[in-house]
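**Q** Residues per chain are reported as follows:
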Amino acid sequence: MMPALFQVLPLVVIWLALGAVGIVIQAYVRNTKLVFGYYLGTLALTAILAVVTAGAKGTMFSGMITTGGYANFFDVLFCSAGILSMIAARPYLQRLDGELDEFYTLLVSAVTGMMLMAHSNHMLVTFIGVELMSISFYVMSGFLRSDIRSVEAALKYFLLGAFASGFLVYGMALIYGATGSLEFGAIGSAVVSDALRFPVLFAIGATLLVIGFCFKIAAFPFHQWAPDVYEGAPTAVTAFMSTGGKAAAFSALIPIASVVMAGDSVVTGQMQLMVAIVSAVTMLVGNISAIAQSNVKRMLAYSSIAHAGYMLMGIVNGTTSGSEAIVFYATAYTFMQIGAFVIVGILEREEGGHLQLDDYAGLGKRQPVLAALMSIFLFSLAGIPPLGGFFGKYLLFVSAIDAGFTWLTIVAVASSVISVWFYLGLVVKMYFTEPSGDTSESPSGIAAITLAVSTVAVIALGIVPGWITSVIRSWPPMLTP
Amino acid sequence: MNYSALIPLFPLVGFIIVGLFGKRLASEKLVGSIASGAILASFVTAVMTFMDLLAMPADARSVIVPVYTWIATGSFSVDIAYQFDQLSILFTLIITGIGFLIHVYSIGYMHGDKSFPRFFAYLNLFVFMMLNLVLANNMLLTFLGWEGVGLASYLLIGFWYNRTFDGTNIVWTGDAAKKAFIVNRIGDFGVLLAMFMLFNTFGTLDYNAINAGAPIVWAKGALPVTIITLLLFLGCTGKSAQIPLGIWLPDAMAGPTPVSALIHAATMVTSGIFLIARTNVLFALSPDTMAVIVGVGITTALVAGTIGVVQNDIKKVLAYSTVSQLGFMFVALGVGAFTAGVFHVMTHAFFKALLFLGSGSVIHGMHEEQDIQKMGGLKKYMPITYKTFLIGTLAISGIPFLSGFFSKDEILWFAFLNGSPLLWGVGVLAAFTTAFYMWRLTHLTFLGNERFDHHHVHPHESPATMTIPLIVLAVLSVFGGLLGVPHVIGHVVHMPNLLEDWLAPVFAVGNGFLVPHVGDHTSTEWLLMAISTVVAISGIMLARSIYAGGNAKADALAKRFSALYKLLWNKYFVDEAYHLAIVGPIFAMSRDLMWKFVDIVIIDGFINGSARTVGAFAGTLRKIQSGVAQNYALMMMAGIVILVAVMVYPLLRP
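Chains as they are written, first to last, in my numbering: chain A, 1 to 481; chain B, 1 to 654.
One should not assume that every hint holds.
Pairs of lysine to aspartate or glutamate residues, derived as EDC-like cross-links and limited to a Cα-Cα distance of at most 20 Å, are as follows [claimed, not checked]:
| # | chain 1 | residue 1 | chain 2 | residue 2 |
| --- | --- | --- | --- | --- |
| 1 | A | K57 | A | E183 |
| 2 | B | K380 | B | D453 |
| 3 | A | K33 | A | E131 |
| 4 | A | K365 | B | D113 |
| 5 | B | K374 | B | D501 |
| 6 | B | K114 | A | E434 |
Listing some non-contacts, in silico: residues in chain B with all C-beta distances to chain A over 10 Å [said to hold, decoys possible]:
| # | residue |
| --- | --- |
| 7 | T45 |
| 8 | I71 |
| 9 | F76 |
| 10 | R185 |
| 11 | F199 |
| 12 | V217 |
| 13 | L482 |
| 14 | L498 |
| 15 | L514 |
| 16 | L542 |
| 17 | G584 |
| 18 | M589 |
| 19 | I640 |
No lab work stands behind these hints, which were simulated from the structure alone. Quick reminder that beta carbons are idealized off the backbone N, C-alpha and C, glycines included.
Kindly generate the complete structure, drawing on both the sequences and the hints.
**A** In structure tokens, the structure reads:
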């Protein structure tokens, strides 16, 4: 029993820390600093355990949970995103007078949901993970209760999210009907051996499932909630949602897509084409829409839609090299996007003030360090070498070509050219215009730690990407359907 | 030769030191010395590497120094590795040598600027990236440099961001910087796609492997190699400012003048020529692309040359001149005279850096005045600047035995030999405009009557840190051409064509696929050489006769040919056309189609089924933008129905 339990230690620890201890502390101690420190420690410990148990590859709980390798990598990524967001959230919420202990509990419960998604080997676990994460997000989006935009964002996110969850679970039901199982391996073998009872139902189920995830990653045409929610939610939450949430959705989508697209049938080809089209339109819509935005938060929201489009290229590829590219990109994206949003949060004022492009005028002069870091994140998002974003894009583009989707790569390269326009527009504002209006200093407080870590990560991922890719390559083949 | 990998490292270290601690160093001298010292160290190392290569047998002169494995995943693996061979070391010597001179010059030029350290940090960053571009042994590392020089160029064009700059649809220097970066990204789009296609074919991005594998995989004229080379060439038109992407270079003059000299004349803009020379086998395999290159090159040479004739901003004249000269280099590459193209890169680096630095000295001495109509007679105030500038003018015009004469003449000769008499004729015409606008520039600036305001402007010669680089470059502009004396002259005076012999192994394979043109053309070559010399001198004489007696003749001519003058003055309206055809529509699409059409018309109009809604909501656009949840849900539903239908339809077909 002991060695078996060892494998799932990260999940067990975060679960116990959250459910059995955390809520008690939070309910009876009412010391925000303690709660903050406690959860920070929890996430750090979970991340360390995930690294320690990374080699323990296997399945647990009657094959419902996978452990080791891939899943543990995502554990570390989610915990890092959680820690970075948490550190940045504290000064942000204090400034906006919205800091409550529950925020940190919700954040850790979202991380727990994400980890379940990455560890899932069974549709049911995936669904529980998705819901745990999403419900935490709904509440966190509305955390600034006195800000009408925050409340509106929460409500909108909840309504549409519930709608999407319905399709997700409907898709799972249809797949169960077609294959008689919810376990990934069994579904995969049914697909490969062509033992589907109702191929049409399976196709519909698979489509609905992919659509459900398309909503979570904000892909066209299920993206419309994203700009509103990302703009309305507290910026610290947006930073976490748009990175951890997206990475989590991909961590669940990769194994699921690889089983439903395992066969060599019409369904697989059709599915590939569908995802390719969704991917192409998503990046075009995201990038083109971002050009006309004057609100920085909204601009980054549209750009994050485009990034989901890029990552879908790896799903189109459908092989290991595609998923490797997604994992690398998700890692780079997490750091650069958190960094960018955290800076937006630092500059933000009450009631959504200081979010316009014009408020960034002359930032290079006023706060040279913030402006320099923001430029690094923006250049990485734009895919300029030698930053992390460049290699991520490169790997994804290569994977699409490998899959024979050259047209998709052309669209991707073209749309990333378009994206330079607005990323650079912000850099121009910061460096090449005179400061105007309210130019008071914005102290970053402990969010500086988040920025420092993110910057180092973004640069390191560009200069020595081999470190991450060799980790990714060391995993055994993910699924053997 | 492992020590050679230090060449790109020095500027990187310089960049880090000056960038991080520049402000705290406080002393301009110290900052300037660190930055210039870094480049000097690179130059010395490059010279040592060159000596080592020289000591080797000719066909062994290609050494690859791996630094580390950059990325390795599955089928895809790229090293950070530098390739030292005849081509890369030549470019390295130009970059570090001229780079060093320009660093020294900048110490004087940027004296007193409040962002002095930032300037030198960017300059070092640029040199680092440029060295990566030329020294890389694979395309991905070149691409890193390619993007990196673009970034450094962007930062330096916008360096004086609070100054206005007069350009089409451009008000601030920041706009000019952004334009340069974005136009270049369009070219990079081509390079990236070409890289993907090459990787797909060869499974590697190493130049040696690609150059060796290409003839095996593709027959001459095969479609894939034509597409790849055209895409690469698209990148070259961006970086090297050729039609159709050349519009950014004149606006790049918004940057400080040493930047224009280093980046926008001597080094970065020649990356396109470098890339083609590096992958010459691919280009040699595609006659169609070569023809396109010739066409683009010669058109650019002539178009830019004619625009240069009417401009009044001293730096813009030089900018159009650069575009035009780059056109010449592409003509050389296009007709298969790779060595001639690279030769012109070298001589052009000498005299164009000289001219730009000279113009900087003028601008410096004239208190930031750039309009040549407000100059004149500066000869007596700035004797050194004048003499060196004059040498640069004569060299670029192609006056015999100065550097520009040899390289330009070689290009024209090959244009005649491998191309056609017509190509040669257009080239000579472009060369005529060069001589004309250069003399016009020299005359209006240094000779004639003094047209500036004596009460406010007191022209003075620049300090020694600025004039010494001018003198060094002037010497190089005079004698640099002797490295590539054409055979027809060399035969008489017993001088070998050193450069051609040096570069021969690099282009050996590529040349094998080109139609060889041999035969005794000696008398023809002498004749053509004489004609082009006469043309150059007559260009100068014409300019002299028009401008010698003031501007009266020029104004009369402009009035008489007012339509032509307007066309040239407005640069053939290319900027306006692009704005109308590309920039406008994309922005309109973002604003009108994505937002107004999709959000307002489709969601609120179509789904709510009423055109009235549009009107009703028009006053509260903000409300619409925050969107109505039900409408989003309906949109999602529509998406779901369509996607499911697309998926299921093929399954239901019998």
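**Q** Work down the list of hints and note, for each, if the structure agrees.
**A** Cross-check of the supplied hints:
{"no.": "1", "hint": "A:K57 with A:E183", "result": "17 Å, holds"}
{"no.": "2", "hint": "B:K380 with B:D453", "result": "16 Å, holds"}
{"no.": "3", "hint": "A:K33 with A:E131", "result": "28 Å, violated"}
{"no.": "4", "hint": "A:K365 with B:D113", "result": "15 Å, holds"}
{"no.": "5", "hint": "B:K374 with B:D501", "result": "47 Å, violated"}
{"no.": "6", "hint": "B:K114 with A:E434", "result": "15 Å, holds"}
{"no.": "7", "hint": "T45", "result": "22 Å, holds"}
{"no.": "8", "hint": "I71", "result": "4 Å, violated"}
{"no.": "9", "hint": "F76", "result": "6 Å, violated"}
{"no.": "10", "hint": "R185", "result": "5 Å, violated"}
{"no.": "11", "hint": "F199", "result": "7 Å, violated"}
{"no.": "12", "hint": "V217", "result": "17 Å, holds"}
{"no.": "13", "hint": "L482", "result": "39 Å, holds"}
{"no.": "14", "hint": "L498", "result": "36 Å, holds"}
{"no.": "15", "hint": "L514", "result": "30 Å, holds"}
{"no.": "16", "hint": "L542", "result": "41 Å, holds"}
{"no.": "17", "hint": "G584", "result": "12 Å, holds"}
{"no.": "18", "hint": "M589", "result": "6 Å, violated"}
{"no.": "19", "hint": "I640", "result": "6 Å, violated"}
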